[in-house]
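Engineer: Sequence order for the protein chains is D and B. Under the working numbering, the first residue of the first sequence is numbered 1, with each subsequent residue one higher. Under the working numbering, the first residue of the second sequence is numbered 1, with each subsequent residue one higher.
Keep in mind that the hints were calculated from the coordinates and are not lab data. For every residue, glycine included, the Cβ atom is placed at its ideal position computed from N, Cα and C. Be aware that one or more of the hints could be misleading.
Have a look at the derived ranges for each label pair, beta carbon to beta carbon [claimed, not checked]:
(1) B:19 x D:19: 19 to 29 Å
(2) B:58 x D:39: 17 to 27 Å
(3) D:302 x B:208: 26 to 36 Å
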Amino acid sequence: MWSTTHKLERMASQQYQFIWRTVAAISSGSFITYCTMKLCNSSNAGDMRTVKGQVHDIGGGGDGSELSQIGNGAWAHDWDCRAPMTVQPVSEDQQQESDDTKSMPVALRHIVLVRHGEYVDFSDGSHHLTDRGRLQAKLTGQRLHDMGVPWDHVVASTMTRAQETAMIILKEINFDPLKMKRCELLPEGTPCPGDPPQHRSVRRVQESFRRDGPRIEAAFRRYFFRASPEQKQDSYLLVIGHANVIRYLVCRALQFPPEAWTRISLKHGSITWLTVWPSGYVTVKCLGDSGFMPVEQLTSRRPQIKAPQDQQQPKDLHMIENV
Amino acid sequence: MRKFTALALGTGAGLVAYYYQRLCDPQKVVHNSWTNSEKPINEYALWDSNWDFRDPKSLVRPQKTELPQEQNRYNSELEKAVPKSARHIILVRHGEYLDVGNTDETHHLTERGRLQAKYTGKRLRDLGIKWDKVIASTMVRAQETASIIIKEIDFDMNNVKHCAFLREGAPIPPQPPVGHWRPEASQFYRDGARIEAAFRRYFHRAYPDQEKDSYTLIVGHGNVIRYFVCRALQFPPEAWLRISINHASITWLTISASGNVTIKYLGDSGYMPVNYLTHRIPRDAKGVV
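Bound conformation, chain D alone:
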């Protein structure tokens, strides 16, 4: 009995030693692996960070030196990643020079943003333009027609109210509806939390921003860039969209803080005209131009009264046609 216990004790101490050794080996091994992985990762992360920094600078609000400049009102020149090489290779070669001049953009890009007309919610969850909204769209279309601009592209948001507005405008400007593009990036959303804050709960703003923010930024990157060197003539792009999106696009294009979009308000059917110059500068010609509408047709938000279920033929349109 005694001997067996003694033997057991010895075995136990041996076993303990073995266990301790294993534990030590495992912990040191894991510690070393962890440290090496961490080291690798940090060097990786460093690379990542620089890449992100570049993305930021392109985004117009970089993290690095560009950032402070933008805050100070300086213009980020390579905002669309299309700036011709600023540092030109030193060479006497004439061929080289002509190549450089060839790669300089020469044309202007006009981007005309139009907000949809007045609309209401129907009980079945759909949104449609009101009679007044149709009239607004018609007046906007007539104004665009009067400007006598050869439209190259017309893009509309996929939401019903923008589609309806687009159809009315296209009829006025004689643009083939089949050529109109429908863009999934343009529907309404929260592009960015507003500053000063809106009257919405912070949580809801954050939620919708998480959902919509990157999409609307993608819309900006799709439509806003300087003309490519191949483009020889000024181009005119008509975008029919929504108030939040348009306001965000304006702030981003002019390199104003994007949070400032809540400081702008737009009328239904109003025209906003942005021009991207070959040098990459962006100017705004008018923001929320709605002077072509009679004062009583000016609206900027949804009417409080619910619309009737069955929509009648808009009578105001006939009036306009008679005039």
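Chain D is already provided as a structure; the job is to place chain B on it using the hints.
Structural biologist: Showing chain B alone in chain D's frame:
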């Protein structure tokens, strides 16, 4: 053999620990993948609510103690200092003009400029606003525009104020520095402070004793209006040259009782026929700026 197993186990454990930790905070990797505007980009993006130094809290002597009478004093004073109504400031640019001669006295509106002013006057009348103040720059082209507009709207010519602060000038060196327009640094030095003074004279939230929304009409100049817009909306003021506005166009800024500023439209000129739209001195004129 044992040692090898232990080492392998240890490596495995280390890997597991590492990936577990990585799984735990994914935002370190995903964060800021497209833009950093999730939080305001920078201090300039933050709205300064006390931009005009009329935030009620800044007008009241701060609460010194926690005593109830001190609290009452503070609350009642604060209540008295809170504005109740909004101020609408409508900025109108002058009409098209010719820069004949070297002095301002000879810079008169063109025929088209007069028509533009007339259209603007009609539009302002249609908007049905009861004007509280009309202010015009003292330069001839603004004076002429103002007198045409006054004829159209319901306002007494004698009540128009003439303000030399509003005269055209170079407010601040623009960013980006574009185009042919490169004034001397001395010009920015001379005009910059004056135009800023004009901004501080006309842009502030309503006084607490103002009962109704007020409407102020300012007839001014392109550079000044663009600078005002940037300053009022707290955009970088250097950005003013990114905006261009047509002759006799309407720009509508609203300062709400809370001190927030919104813009209703910038350079609205849709009420004019398209062939009347201009934004610079006619090309064929001599001495084009």
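Engineer: Hints first: check each against the structure and report whether it holds.
Structural biologist: Hints, verified against the model:
1. B:19 x D:19: 19 to 29 Å: Holds, at about 26 Å.
2. B:58 x D:39: 17 to 27 Å: 51 Å, violated
3. D:302 x B:208: 26 to 36 Å: 33 Å, holds
In summary, the structure is inconsistent with hint 2 from the numbered list given earlier, while agreeing with all the others.
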